[in-house]
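Using the hints provided, position chain B relative to the given structure of chain A.
What follows is each chain in one-letter form.
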Amino acid sequence: NAGVTQTPKFRVLKTGQSMTLLCAQDMNHEYMYWYRQDPGMGLRLIHYSVGEGTTAKGEVPDGYNVSRLKKQNFLLGLESAAPSQTSVYFCASRNPLGGYSGANVLTFGAGSRLTVL
Amino acid sequence: AQTVTQSQPEMSVQEAETVTLSCTYDTSENNYYLFWYKQPPSRQMILVIRQEAYKQQNATENRFSVNFQKAAKSFSLKISDSQLGDTAMYFCAFMASFASAGDMRFGAGTRLTVKP
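Keeping their order, the protein sequence lines are chains A and B. Its first residue numbered 163, the first sequence is counted upward by one per residue in the numbering used here. Its first residue numbered 527, the second sequence is counted upward by one per residue in the numbering used here.
Next up, chain B with everything else stripped away, as it sits in the complex:
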């Protein structure tokens, strides 16, 4: 079974600075998808960014980017120019393949606090 590990339960960063959240995963699959979801205090789960394993290029979405290291099974999230609204729980998630309906795994989450 696939596992997702987020080794940083809590992190903090000053507003406007850059922070990196770590995620590692374990799988024997070759084709899969990786995600970062954000959960603000409102509790709503929001997709931040997605990466397909077959793509070598790291995904970016505005201030959010990932460092995907397939061999190391690492998928970190970098948030640039941190804003107060980035304060949230961040979950890393793994989906084994397109056809695996139930095979999506989440990490335990990292609570990020952006300080003014």
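Next comes chain A alone, as it looks inside the complex:
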């Protein structure tokens, strides 16, 4: 059981380049999330999805786009990367109907470190 898998794990971009981070989960979770982690700021929500074909903005959505064409995949795109987007990105998922032990618990991927020069 792989859980939540993020690719790539590391990436270096030049300002203005574009890229896509892929998140895949094999737990049949309805909800999926993209967070960014910066020193001293914890995790901040970029975008999230409550099901296939749906997306919504989080706290810090500017400069990012997302898509959820398949239930198991959630893509995070940067159309024109900026140095301010240098961060560690985490994908997470959860099952809102997971029962007492599973509901509302986020399962995280291993993170993707992105550096924008």
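Worth double-checking, as some hints may not be accurate.
As the list claims (entries may be wrong) - Simulated restraints, written as ranges between beta carbons of each label pair:
hint, chain 1, residue 1, chain 2, residue 2, range
1, B, 568, A, 239, 44 to 54 Å
2, A, 232, B, 533, 38 to 48 Å
3, A, 272, B, 610, 20 to 30 Å
As the list claims (entries may be wrong) - Stretch-level coverage of chain A by chain B, calculated; a stretch enters the list once three of its residues show a Cβ under 8 Å from a Cβ in chain B:
hint, segment
4, 204-216
5, 266-279
No lab work stands behind these hints, which were simulated from the structure alone. Even glycine gets a Cβ: it sits at the ideal position worked out from N, Cα and C.
Structure of chain B alone, referenced to chain A:
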């Protein structure tokens, strides 16, 4: 909007001793969930413990326990018999309610170092 505050950016403890990490939150909600996540140097986020606000009994998981004070909006984590493997960043998190898909907030984190 809900906010989560961890007032201790860094802490250290001697191996086998007990340490308490603080967390406070601000909300007008009555039903919510609180979590502590651990992030070791591997960067993986790991759930340590969870508390439902409607429960008065404090959650425990082996060496980890919480002190949940709903009126004071406080949710501290106690680690007993600290081990070297407990060295990590610890994040407190708040989720407003079962139906709030996007409403989960994290604190800035506390970096805990367990010294041999």
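Results for each hint:
For residue 568 of chain B and residue 239 of chain A, the hinted distance range of 44 to 54 Å is not satisfied, since their beta carbons lie about 26 Å from each other. Distance hint for residue 232 of chain A and residue 533 of chain B: a CB-CB separation of about 42 Å, consistent with the stated range 38 to 48 Å. Checked against the hint of 20 to 30 Å, the pair residue 272 of chain A and residue 610 of chain B passes, with Cβ atoms roughly 22 Å apart. Restraint check on the segment 204-216 of chain A versus chain B: 6 residues with Cβ-Cβ distances below 8 Å, three needed, restraint holds.
Residues of the segment 266-279 of chain A with a Cβ under 8 Å from some Cβ of chain B number 6, which satisfies the need for three, so the listed coverage holds.
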